[in-house]
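Q: Now for the letters of each chain:
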Amino acid sequence: MSRKSPVENSSPNPWRWFHRFGSPEYVYGFSEKWAPRLAILMAILFLTGLYLGLVVAPPDYQMGDNYRIIFIHVPSAWMSMSAYFVMALAALCGLVWHMKVGDAVARACAPVGAMFTICALVSGSLWGKPTWGTYWVWDARLTSFLVLLFLYLGYIALVHAFEDRKSGTRAAAVLAIVGVINLPIIHYSVEWWNTLHQGSTVTKLGRPSIDIRMLIPLLIMFVAYNLYFVTVIMIRLRTEILTTEYRTRWVANRFGQEAET
Amino acid sequence: MMEFLNMGGYAFFVWGSYLVVAVCMVGMYLFSRRSLHSAKQIAATRTRTPRNKVRVRASKE
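Protein chains in written order, with our numbering: chain A, 3 to 263; chain B, 3 to 63.
Everything labelled a hint here was simulated from the structure, so no lab data went into it.
Fair warning: this is a prediction, and the values are worked out from it, not measured in the lab.
A virtual CB, placed ideally from N, CA and C, is assigned to each residue, including glycine.
Hints should not be assumed to be uniformly reliable.
List of simulated lysine-lysine pairs, DSS-like, C-alpha gap at most 30 Å [said to hold, decoys possible]: (1) A:168 - B:42; (2) A:102 - A:35; (3) A:35 - A:168; (4) A:102 - A:168; (5) A:102 - B:42; (6) B:42 - A:35.
A few chain A residues facing chain B, derived, Cβ under 10 Å [to be verified]: (7) 57; (8) 66; (9) 71; (10) 74; (11) 75; (12) 121; (13) 151; (14) 173; (15) 176; (16) 238; (17) 242; (18) 244; (19) 254.
Whenever a hint applies, use it, and build me the whole structure from the sequences.
A: As structure tokens, this is what we get:
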């Protein structure tokens with residue numbers, strides 16, 4: 003039996019890497035290989051970023067030491083939005099092209115994104131109390147961010163609302179894709195409406211209005227947060243793949259042998 | 003050191019937010035690892051059924 007699939011027979015296909023990432027088995031092996039390495043890099047970056055941010059960076063001339071919340075608040079908020087984008091994109095791949103890996107990535111993203119959103123909301127309200135005098139206001143930025151949390155929670159609830167995991171994922175994917183409309187609303191809320199929340203300081207075109215000793219730890223923390231996201235997704239993705247692919251040959255080969263020995 | 007812990011009088015807000023974020027992120031990481039571990043164990047028990055064992059042996063040859 004040496005039948006080869008048409009893909010293997012053909013001359014080098016530029017889309018081969020793309021097809022590989024559509025295979026749950028390949029993605030499982032890939033994440034298994036890279037998750038521990040990224041975790042080490044992530045830990046180093048977190049320690050460096052926290053040291054530079056909490057010890058080395060000078061206090062702010064207006065907010066004193068309280069501004070140090072920025073090093074966790076801003077990356078959390080950024081990540082909760084990019085995690086949503088990744089989730090919606092993966093859900094789209096799963097919904098339109100029936101990509102199993104897309105479904106698995108979308109399901110893996112939702113709890114992590116919800117966690118980032120909670121982090122951003124809590125650190126933001128703890129920052130708001132001493133600077134604005136209140137833990138919470140119903141302004142555009144804060145409210146649209148709360149909607150983001152509800153979108154995540156709605157996605158998780160929809161996935162689990164069906165007996166069959168596949169139908170749940172499909173229904174939830176529609177919610178995830180429609181909810182993308184909230185991302186530009188969050189981003190531009192500080193410009194479109196008069197909000198208490200300040201505009202962005204880092205991504206301002208030209209030069210950012212922030213001291214370099216504050217900017218460097220913030221950027222390090224941002225990279226660390228991205229690595230954290232990728233690492234945790236690589237772990238959760240494998241769980242999702244195993245729960246849907248348990249009937250396949252490769253899972254049987256892999257875990258059947260481990261169980262025998 | 004006390005000055006560092008005091009955070010210029012903002013200790014509650016600064017350390018409070020760092021604590022919440024750390025608990026959330028470390029908790030999510032550990033929880034994800036644990037659920038992967040149990041998913042692996044479930045996969046192993048499911049593939050231990052006789053029908054699958056035959057399939058596994060057949061594919062090795």
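Q: Each of the hints needs a verdict: does it hold here or not?
A: Structure-based check of all given hints:
Taking the CA atoms of residue 168 of chain A and residue 42 of chain B, the gap is about 20 Å. The hint holds against a cut of 30 Å. Distance restraint check for residue 102 of chain A and residue 35 of chain A: the Cα-Cα separation of roughly 20 Å lies within the 30 Å cut-off, and the hinted pair is therefore satisfied. Between residue 35 of chain A and residue 168 of chain A, the direct Cα distance comes to roughly 27 Å. Compliance with the 30 Å bound is thereby established for this hinted pair. The suggested pairing of residue 102 of chain A with residue 168 of chain A holds, with an alpha-carbon distance near 10 Å, which does not exceed 30 Å.
Simply put, residue 102 of chain A and residue 42 of chain B have alpha-carbon atoms about 19 Å apart, close enough for the 30 Å limit, and the pair holds. The hinted pair formed by residue 42 of chain B and residue 35 of chain A meets the criterion: a straight-line CA distance of about 16 Å does not exceed 30 Å. At a threshold of 10 Å, the smallest CB-CB gap from residue 57 of chain A to chain B is about 7 Å, leaving the interface hint in force. A hinted interface residue such as residue 66 of chain A counts as satisfied when its beta carbon comes closer than 10 Å to some beta carbon of chain B; here the least separation is about 4 Å, so the hint holds.
Interface hint at residue 71 of chain A: satisfied, since its Cβ lies 5 Å from the closest Cβ of chain B, which is below the 10 Å cut-off. The interface hint given for residue 74 of chain A is met, as the beta carbon of that residue sits about 5 Å from the closest beta carbon of chain B, less than 10 Å. The closest approach between the C-beta of residue 75 of chain A and any C-beta of chain B is roughly 7 Å, which is under the 10 Å cut-off, so the hint is satisfied. Because the closest C-beta pair between residue 121 of chain A and chain B is about 5 Å apart, less than 10 Å, the hint holds.
A distance limit of 10 Å between C-beta atoms decides the matter here; for residue 151 of chain A the minimum to chain B is near 13 Å, and the interface restraint is violated. Checking residue 173 of chain A against chain B by beta carbon gives a least distance of about 23 Å; that is not within 10 Å, so the hint is violated. Interface restraint check: residue 176 of chain A against chain B, minimum CB-CB distance 26 Å, threshold 10 Å, status violated. The beta carbon of residue 238 of chain A comes within 5 Å of a beta carbon in chain B, closer than 10 Å, and the hint placing it at the interface holds.
The criterion of a C-beta within 10 Å of any C-beta in chain B is met by residue 242 of chain A, whose closest approach is roughly 9 Å, and the hint holds. A least Cβ separation of about 4 Å between residue 244 of chain A and chain B falls short of the 10 Å threshold, and the interface hint therefore holds. Satisfaction of the interface hint for residue 254 of chain A is found here, the shortest Cβ-Cβ separation to chain B being roughly 4 Å, below the 10 Å cut-off.
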